[in-house]
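A.B. asks: Chain by chain, the residues run as shown.
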Amino acid sequence: MAVIEVKHLNKKFRVKEKEKGLKGSIKAIFKPKYKTKKAVNNISFEVEKGEVIAFIGPNGAGKSTTIKMLTGILYPDSGKINILGYDPTKDRKKLSYEISSVIGQKEQLWLHLTPYDNFKFIGTMYDIPNSVIEKKIKEYIDVFDLKDFINTPVRGLSLGQRIRCEIVAALINDPKILFLDEPTIGLDPVVKENIRTLIKRLNKEFKTTIFLTSHDISDIEKLCKRVIVVNDGTIVMDTTMDELKYHFMNKKIIEVKMSEEVNLDDVDGITILKDKGYNLKLEVDTTKKNIKDVLNLLNQDNIIDINISNIPLEDIISSIYKKEKK
Amino acid sequence: MRKYLYIFKYTFINELSYFSKVVFRVISYFLHIFVFYCVWDYVYDGTNKIGGFTINQMMWYLIIAELFMMGVSRVARERPIEEIKSGSIAYIMTKPYSYIGYIFTTYLAEGLIRLMIMIPISIIFGFIFVGPLETFQIKYSLIMIISFILAYSINGLIQILISLFAFFMEDAGPLHWLYNKLLLIFGVFFPIDMMPGVLQSILKYTPAYVITYGPTKLIVNFNLVDATYILMAQVIYLAIVLVLVNLVYRRGVKKLNVNGG
Chain A
680 MAVIEVKHLN
690 KKFRVKEKEK
700 GLKGSIKAIF
710 KPKYKTKKAV
720 NNISFEVEKG
730 EVIAFIGPNG
740 AGKSTTIKML
750 TGILYPDSGK
760 INILGYDPTK
770 DRKKLSYEIS
780 SVIGQKEQLW
790 LHLTPYDNFK
800 FIGTMYDIPN
810 SVIEKKIKEY
820 IDVFDLKDFI
830 NTPVRGLSLG
840 QRIRCEIVAA
850 LINDPKILFL
860 DEPTIGLDPV
870 VKENIRTLIK
880 RLNKEFKTTI
890 FLTSHDISDI
900 EKLCKRVIVV
910 NDGTIVMDTT
920 MDELKYHFMN
930 KKIIEVKMSE
940 EVNLDDVDGI
950 TILKDKGYNL
960 KLEVDTTKKN
970 IKDVLNLLNQ
980 DNIIDINISN
990 IPLEDIISSI
1000 YKKEKK
Chain B
2 MRKYLYIFKY
12 TFINELSYFS
22 KVVFRVISYF
32 LHIFVFYCVW
42 DYVYDGTNKI
52 GGFTINQMMW
62 YLIIAELFMM
72 GVSRVARERP
82 IEEIKSGSIA
92 YIMTKPYSYI
102 GYIFTTYLAE
112 GLIRLMIMIP
122 ISIIFGFIFV
132 GPLETFQIKY
142 SLIMIISFIL
152 AYSINGLIQI
162 LISLFAFFME
172 DAGPLHWLYN
182 KLLLIFGVFF
192 PIDMMPGVLQ
202 SILKYTPAYV
212 ITYGPTKLIV
222 NFNLVDATYI
232 LMAQVIYLAI
242 VLVLVNLVYR
252 RGVKKLNVNG
262 G
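Chains as they are written, first to last, in the numbering used here: chain A, 680 to 1005; chain B, 2 to 262.
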């Protein structure tokens, strides 16, 4: 069952333009100029219940604009959105009981209140009876390991603890869909891992549909089974994580250390990424050249060390971005 | 309603952390009053009444009107502008409560904490420097309190209304500056009765009449005719401002441009 249905969604922005210098600034006061920018251009997709989906793209691709339209913050110029049977522009308030969002850079918790008071406050905003809120908080303290700082005012928490509380706060209303916009931005690797575990757990235990945007490829790789890539306001790829990887699996990176200098030229299927005489880094398209042929070209007796790996997902995704830009 | 009581309660708890801020407000309040005390003392110089006010009434007028201005929370004036500019209004909009209701309740709760501290201090200050207010009529205090609450509410809603213009213009700050000066000059420093006739009749339609001048005048020099006029004007003002705030908010939200993350 689709919980998010988006059809032919469009959104334009009017952006003010100003010529350079003082003259330009004065001119802009009397005769302001505007440029129209297509932020979202005819986007359509569906998300099924319980999916963890990555909605990714370079900066300015239209990710956040799309999320804002899905949550009813921005009004689309045209197109249809159906979230759990609601039209977000008309039923924003009703929809707000069913969904939640965590925006990495924005604080939603009150700094001078403890996480406990914050959770209680948020629960009340969702018309949840006191006894139920208390029960939920107890459950979350155990599941998400909050007991050490549940009574510390939020301003005294570390960034990692605060983000953890932000995410837990977004769960108080038992959202059916959770929108996470850059949830791990600015966190150290250990805390990032904690947050990912938390997201995985809430998807598993509470069957929450997760709609995630992130520039951190590890977030996407570790959490999501499906990826939608947007660029310049349009969807350029909608595929499963496995397919995405498989599609690029035929490309391998070979790093070798040789005892003698090698003179290798670009041949069909082999791209030399780095050549420092004794050290080489090659990209091999295995549909055109198999690994054995490459090793023969190198003279196996002279190989001191070798490393063969897949292309990192990060490179795959940035190559998709670049391809679409061209 | 339970939601807004909670917003009120938690704002109150949150504001307690800023207790020291109130101390600085009290100091600046005393400075203002002291300067005007000296000015009016010099101006009266043996004169019995100016604009229908004795010096005792004038000083109490100043103490109460200034108390109102100092007790006003800045939340309605600052937060919507900040939140519209930064785009964070968007995330509050996805919560199941009214944004206007949220700001207004916060404004009331912050105001309550300030006034709770400042009202007793200003009364003690007035008693020491000016002596008791000779024309105070305690039997009408309920009307005075209602008028004061109405004034406080209208002021908050007008400030929210002005702040909401940030949806349409780059900076709504100068509008607040103008509005604040209107209240300060025609409602605090000089009661409307002191103005020339034509200006007086114009000023009776401005927010200064229903917010600072009206309720303060009722406390300083109560009469039933004035009270009826002032309360009626306040109710009309409240209704108009409520409609306008909702109208502008609805229009503004549709215009909201939140770019990027």
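Just so you know, the hints here were simulated from the structure itself, not pulled from any lab data.
Don't take every hint at face value.
[To be verified] Derived lysine-lysine pairs resembling DSSO-like cross-links, with alpha carbons at most 27 angstroms apart: (1) B:K10 <-> A:K769; (2) A:K716 <-> B:K86; (3) B:K10 <-> A:K686; (4) B:K4 <-> A:K785; (5) A:K815 <-> B:K255; (6) A:K710 <-> B:K4; (7) B:K255 <-> A:K699; (8) B:K86 <-> A:K702; (9) B:K4 <-> A:K717; (10) B:K182 <-> A:K773; (11) B:K50 <-> A:K773; (12) B:K4 <-> A:K769; (13) B:K10 <-> A:K697; (14) A:K710 <-> B:K86; (15) B:K10 <-> A:K714; (16) B:K4 <-> A:K772; (17) A:K717 <-> B:K50; (18) A:K712 <-> B:K10.
[Stated by the list, open to error] Partial pick of chain B residues on the chain A-facing surface, computed with a CB cut under 10 angstroms: (19) L6; (20) D42; (21) K86; (22) G88; (23) P133; (24) T136; (25) F223; (26) N224; (27) L225; (28) T229; (29) V244.
No experiment lies behind these values; they were computed from the predicted model shown.
All residues carry an ideal CB built from backbone N, CA and C; glycine is no exception.
A.B. asks: Each hint: holds or not?
C.D. replies: Verification of the supplied hints:
1. B:K10 <-> A:K769: 31 angstroms, violated
2. A:K716 <-> B:K86: Holds: K716 of chain A and K86 of chain B sit about 19 angstroms apart, inside 27 angstroms.
3. B:K10 <-> A:K686: 43 angstroms, violated
4. B:K4 <-> A:K785: 22 angstroms, holds
5. A:K815 <-> B:K255: 36 angstroms, violated
6. A:K710 <-> B:K4: Violated, at roughly 46 angstroms.
7. B:K255 <-> A:K699: Given pair K255 of chain B, K699 of chain A is violated - Cα atoms ~31 angstroms apart, limit 27 angstroms.
8. B:K86 <-> A:K702: 26 angstroms, holds
9. B:K4 <-> A:K717: Answer violated: K4 of chain B to K717 of chain A is near 39 angstroms, above 27 angstroms.
10. B:K182 <-> A:K773: At roughly 41 angstroms apart (the allowed maximum being 27 angstroms), K773 of chain A and K182 of chain B break the hint.
11. B:K50 <-> A:K773: 60 angstroms, violated
12. B:K4 <-> A:K769: 22 angstroms, holds
13. B:K10 <-> A:K697: 46 angstroms, violated
14. A:K710 <-> B:K86: 22 angstroms, holds
15. B:K10 <-> A:K714: 46 angstroms, violated
16. B:K4 <-> A:K772: This hinted pair holds, its Cα atoms lying about 14 angstroms apart.
17. A:K717 <-> B:K50: 67 angstroms, violated
18. A:K712 <-> B:K10: 47 angstroms, violated
19. L6: 9 angstroms, holds
20. D42: It is violated, given that the least Cβ distance between D42 of chain B and chain A is near 43 angstroms, above 10 angstroms.
21. K86: 14 angstroms, violated
22. G88: Since the shortest Cβ distance to chain A is 8 angstroms, the answer is holds.
23. P133: 39 angstroms, violated
24. T136: Hint on T136 of chain B: violated, closest Cβ of chain A at ~43 angstroms, above 10 angstroms.
25. F223: Not OK, violated: F223 of chain B not within 10 angstroms of chain A, min 40 angstroms.
26. N224: With Cβ-Cβ at 45 angstroms, over 10 angstroms, it is violated.
27. L225: 43 angstroms, violated
28. T229: 39 angstroms, violated
29. V244: Since the shortest Cβ distance to chain A is 20 angstroms, the answer is violated.
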